[in-house]
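As they're listed, the protein sequences go chains V and Y.
Going left to right, the first sequence walks through residues 1 to 333 as our numbering numbers them.
Going left to right, the second sequence walks through residues 1001 to 1372 as our numbering numbers them.
Some hints here could point you the wrong way.
[As the list claims (entries may be wrong)] Pulled a few chain V residues facing chain Y out of the computed Cβ check, cut under 10 Å:
no.: 1; residue: Y122
no.: 2; residue: C169
no.: 3; residue: P312
no.: 4; residue: T316
In case anyone wonders, no lab produced these hints; they're calculated from the structure.
All C-beta atoms, glycine included, are put in the ideal place defined by N, C-alpha and C.
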Amino acid sequence: MRLPWQKHSTPETRASLEPAHNEFAIEVNGLSKTFGDFTAVNSISLSVGHGEIFGFLGPNGSGKTTTIRMLCGVIAPSGGGARIMGYDVVTESERVRENIGYMSQKFSLFQDLTVDENLKFYAGIYGLSDEKFAERREYILTMADLHGRENEMAGDLSVGWKQRLALGCATIHEPKLIFLDEPTSGVDPTARRQFWELLHDLAASGVTLFVTTHYMDEATHCNRLAFIYRGDIIAEGTPAEVKGDLMRDTILRVEVDRGEDALTALEGSPGIAEAYMQGSMLHVNVGERTEAEADLTGLLGGLGFTVLGVEPVEPTLEDAFVHLVTRQREVSA
Amino acid sequence: MSWRRVRLLIWKEFLQLRRDRSMLPIIFIMPVLQLILFGYVIGTDVKDLRTAVVDRDGSVESRLVVDSFVNSGYFLDVAHPVDEAAMQKLLDGNKAQVAIIIPEGFSDLVREKRPTEIGIVVDGSDSKTASVASGYAQQVVAALSGKLYPGRLTASSSGVDAQVRVLFNPTMRAVNTMVPALLAFILMMSTQTTMSQAIVKERERGTLEQLFVTPIGRAEYLIGKLVPYVLIAFIQITLVFTIGTLWFKVPFNGNLLVLGAGLALFALTALGLGLMVSLLSRTRYQAQQATTFLMVPSMMLSGFVFPLESMPKILYPLSYLVPLRYILVVVRSNFLKGSGFVALWPQFLAMAIFSAAIFGFGLSRFRKQLND
Chain V
1 MRLPWQKHST PETRASLEPA HNEFAIEVNG LSKTFGDFTA VNSISLSVGH
51 GEIFGFLGPN GSGKTTTIRM LCGVIAPSGG GARIMGYDVV TESERVRENI
101 GYMSQKFSLF QDLTVDENLK FYAGIYGLSD EKFAERREYI LTMADLHGRE
151 NEMAGDLSVG WKQRLALGCA TIHEPKLIFL DEPTSGVDPT ARRQFWELLH
201 DLAASGVTLF VTTHYMDEAT HCNRLAFIYR GDIIAEGTPA EVKGDLMRDT
251 ILRVEVDRGE DALTALEGSP GIAEAYMQGS MLHVNVGERT EAEADLTGLL
301 GGLGFTVLGV EPVEPTLEDA FVHLVTRQRE VSA
Chain Y
1001 MSWRRVRLLI WKEFLQLRRD RSMLPIIFIM PVLQLILFGY VIGTDVKDLR
1051 TAVVDRDGSV ESRLVVDSFV NSGYFLDVAH PVDEAAMQKL LDGNKAQVAI
1101 IIPEGFSDLV REKRPTEIGI VVDGSDSKTA SVASGYAQQV VAALSGKLYP
1151 GRLTASSSGV DAQVRVLFNP TMRAVNTMVP ALLAFILMMS TQTTMSQAIV
1201 KERERGTLEQ LFVTPIGRAE YLIGKLVPYV LIAFIQITLV FTIGTLWFKV
1251 PFNGNLLVLG AGLALFALTA LGLGLMVSLL SRTRYQAQQA TTFLMVPSMM
1301 LSGFVFPLES MPKILYPLSY LVPLRYILVV VRSNFLKGSG FVALWPQFLA
1351 MAIFSAAIFG FGLSRFRKQL ND
């Protein structure tokens, strides 16, 4: 019997017991998950190379966590399949789980266990030898800056420490692939920056990282990205590629009084492709027009708003995302 | 299945239990407190006591005795054993709670207007039922005396004397029936409460999610959860047993093997229910509410607080759905009468069916839940 993924394999590779060391760390093919009538993930496909930092972006509820749970072999897909480090997520889920690290936004440590006990527990679960554990413990305590806090309860640590300890526990068995589900949510900017430095170090040592986030600024840390929206991947590529087709458009950043009202007034106005708030600023996509600042100021002035400043800006990933979502809505409408 | 991982999970669970300041008092103080609280309870109205009649006389007069008992509304004529040995069996198996023995020559003595005796045997293993039953029996016999011996009205000079003998628990101390019942009840409370919290707690904290992306299998996780709580329940019932027999001086006439087997089987139903609650609840608070919700009918419909006989007829069939009902018969009968597997097999069978059904359902939910 030939299994689907053996289509291209030669007799020699099929004969070896080790799974064929794939070109990709993650290979996803038409992966779907439905809960009753609801399609959480709609036949997505993607591949992630070894040593890449792959960003999986999308708003809450778009299917990010469901996808990760399928890729980790925790829940079974409704359709399609995926191979993780060469192992099939359905038929070889235990192998998958032995070969990956996983860290969620909850930093799922045992709050009522000490730092040391948490490390000891995970080391035991992955079957580390005593010598190996001693070595990894030392490395993690240094990495997470937790020397001297070995006997503190994990629950009493500050968020930054918790996050780094969680990363330590998730990587105690030195997996070559780590899934990080919103690893920086609720963490202050300094700790976030430190955390990304750790991730870059890991990637530099050849570890593949699959990171979900809804912080668009963090997406720039990634080698490649995929945007997921309502279960569909609506864009994939390097940050520059994702921004790609948007580069032709002009994005104007507008400082205006009563931003929310101005946004409502602008929606549907002629010559305005998209308008949305980004922080306290109004971002307006005026399409391929240039020199539209005066028009816009006039338009808003005519509607009774006071424009404090208008300037063209480089499209950010967030601009790209809003653009893609708008286009997706138009397609499905 | 890796025992190394199961051992780690158990080690972790005990560490967490040791640090949970609210758990230790619950584990050790609750059983003792309940032992004291439930030690004495108020008597209640008992009706339709299952009554076995040994009629050695077989006369119009002896039938009048039986009718008087039945017409009082408190006694239900359920069997006519041929001799006292057969009667004893009915009492052992809880098929009869009261037995009336009408001696041979009863009618002759009544006709000759000479004083007579009838024997009343009451199962004292349920002390409330026993005390109420013997009280009723005496009333019935007193009224009967008036009918059979017209003119001799005072109770002191009554013609028929009721010789009431309370079997198994001659002193009718409430605590003698309460302590065995508490073994089962505390076992249920403890395992159901802790188990229902166990999984939902890990889900709330996100550690459940984390554990299932490690190589830990579902069976390993489940065993790692069950073992600590079974051990704790075992410590608790040992505590209740020890205090009950040494401090409350409840006589133990049973067999530890029968008692242990019954409690173990019952523990499975409680663990299964706890597991189900834990899987169906989203938060710990919900799990707690659901557990309380399940506990109340168990207490009310099992004969734990109120005798089954005092229950409205309409509700009575519901008692068959309460596993506690069966284990109560087992622990009380074994503790006080020394009843063994032979007499108690229907209860064992019922519990086996319950634990298989509840646990089976709990396990399938557990699989399904983690798959979605």
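These are the hints, each one checked on the structure:
| no. | hint | verdict |
| --- | --- | --- |
| 1 | Y122 | 7 Å, holds |
| 2 | C169 | 8 Å, holds |
| 3 | P312 | 44 Å, violated |
| 4 | T316 | 31 Å, violated |
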